[in-house]
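Colleague: Sequence:
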Amino acid sequence: MASNPTTSVLNYQSTAKRIGILNGPNLNLLGLREPEIYGDTRFEHYLFKLRSLFPGIEVLYKQSNHEGDLIDQLHQWGFSLDGIVCNAAAYTHSSIAIADAIRAISTPVVEVHLSDLTTRESYRKTSYMRPHCIYSIMGKGLEGYAEGIQYLIDR
Numbered sequence: 000m001a002s003n004p005t006t007s008v009l010n011y012q013s014t015a016k017r018i019g020i021l022n023g024p025n026l027n028l029l030g031l032r033e034p035e036i037y038g039d040t041r042f043e044h045y046l047f048k049l050r051s052l053f054p055g056i057e058v059l060y061k062q063s064n065h066e067g068d069l070i071d072q073l074h075q076w077g078f079s080l081d082g083i084v085c086n087a088a089a090y091t092h093s094s095i096a097i098a099d100a101i102r103a104i105s106t107p108v109v110e111v112h113l114s115d116l117t118t119r120e121s122y123r124k125t126s127y128m129r130p131h132c133i134y135s136i137m138g139k140g141l142e143g144y145a146e147g148i149q150y151l152i153d154r
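38 is the number that numbering that gives the first Met the number 0 gives to position 39 of the sequence shown; each next residue is one higher, with no gaps.
Among the clues, some could well be false.
Said to hold, decoys possible - Computed spacing ranges between beta-carbons, pair by pair:
1) Pro-54 to Arg-154: 14 to 22 Å
2) Arg-119 to Glu-146: 15 to 23 Å
3) Arg-102 to Tyr-60: 31 to 39 Å
Said to hold, decoys possible - Listed below are the simulated DMTMM-like cross-link pairs for lysine to aspartate or glutamate, each with C-alpha atoms no more than 25 Å apart in a straight line:
4) Lys-139 to Asp-153
5) Lys-124 to Glu-146
6) Lys-124 to Glu-57
7) Lys-124 to Glu-142
8) Lys-61 to Asp-99
9) Lys-16 to Glu-43
10) Lys-139 to Glu-57
11) Lys-48 to Asp-99
12) Lys-16 to Asp-81
13) Lys-16 to Asp-115
14) Lys-61 to Glu-142
By construction, these hints were calculated from the structure, which means they are not laboratory data.
The beta-carbon is built from N, C-alpha and C at its ideal position, and this holds for glycine as well.
Sequences and hints are given; from them, build the entire structure.
Modeller: This is how it looks when you write it as structure tokens:
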């Protein structure tokens, strides 16, 4: 009996990993805002580099200055992607709602921060999300995102 080509197409499932990058408030100003702390590269430029570093990975990206948008994105990605790299920015230190969203989803989340929070203001030392993330990276600038993606790939 001949195989049905339609059936084989319908049964095809991509094996490429899908990883989301979720950036919080003010990260849309990277490259412009306090370059002595956050660097002088726009995230959109770095995203192009990231995607070329991981050609077999589908890298999705979302940035929002609004807490509810970040929570909605975690819910959307949280049961379908292979991993999420999240820099919740200032919400890291204030949002129990984002921490709860991370705890509620099944997709593993890596926490990333451009600067080393342990050397910054005292209020930045608290991370409500860290206990619910599988790994935390800080102080490595934009390269922390690549490390986060690599961590998710290797696990």
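Colleague: Next step is simple, just say for each hint if it's right about the structure.
Modeller: Checked hints:
{"no.": "1", "hint": "Pro-54 to Arg-154: 14 to 22 Å", "verdict": "holds (20 Å)"}
{"no.": "2", "hint": "Arg-119 to Glu-146: 15 to 23 Å", "verdict": "holds (20 Å)"}
{"no.": "3", "hint": "Arg-102 to Tyr-60: 31 to 39 Å", "verdict": "violated (23 Å)"}
{"no.": "4", "hint": "Lys-139 to Asp-153", "verdict": "holds (19 Å)"}
{"no.": "5", "hint": "Lys-124 to Glu-146", "verdict": "holds (21 Å)"}
{"no.": "6", "hint": "Lys-124 to Glu-57", "verdict": "violated (32 Å)"}
{"no.": "7", "hint": "Lys-124 to Glu-142", "verdict": "holds (21 Å)"}
{"no.": "8", "hint": "Lys-61 to Asp-99", "verdict": "holds (19 Å)"}
{"no.": "9", "hint": "Lys-16 to Glu-43", "verdict": "holds (21 Å)"}
{"no.": "10", "hint": "Lys-139 to Glu-57", "verdict": "holds (23 Å)"}
{"no.": "11", "hint": "Lys-48 to Asp-99", "verdict": "violated (31 Å)"}
{"no.": "12", "hint": "Lys-16 to Asp-81", "verdict": "holds (6 Å)"}
{"no.": "13", "hint": "Lys-16 to Asp-115", "verdict": "violated (29 Å)"}
{"no.": "14", "hint": "Lys-61 to Glu-142", "verdict": "holds (18 Å)"}
Hints 3, 6, 11 and 13 from the list above are not met by this structure, while the remaining hints are.
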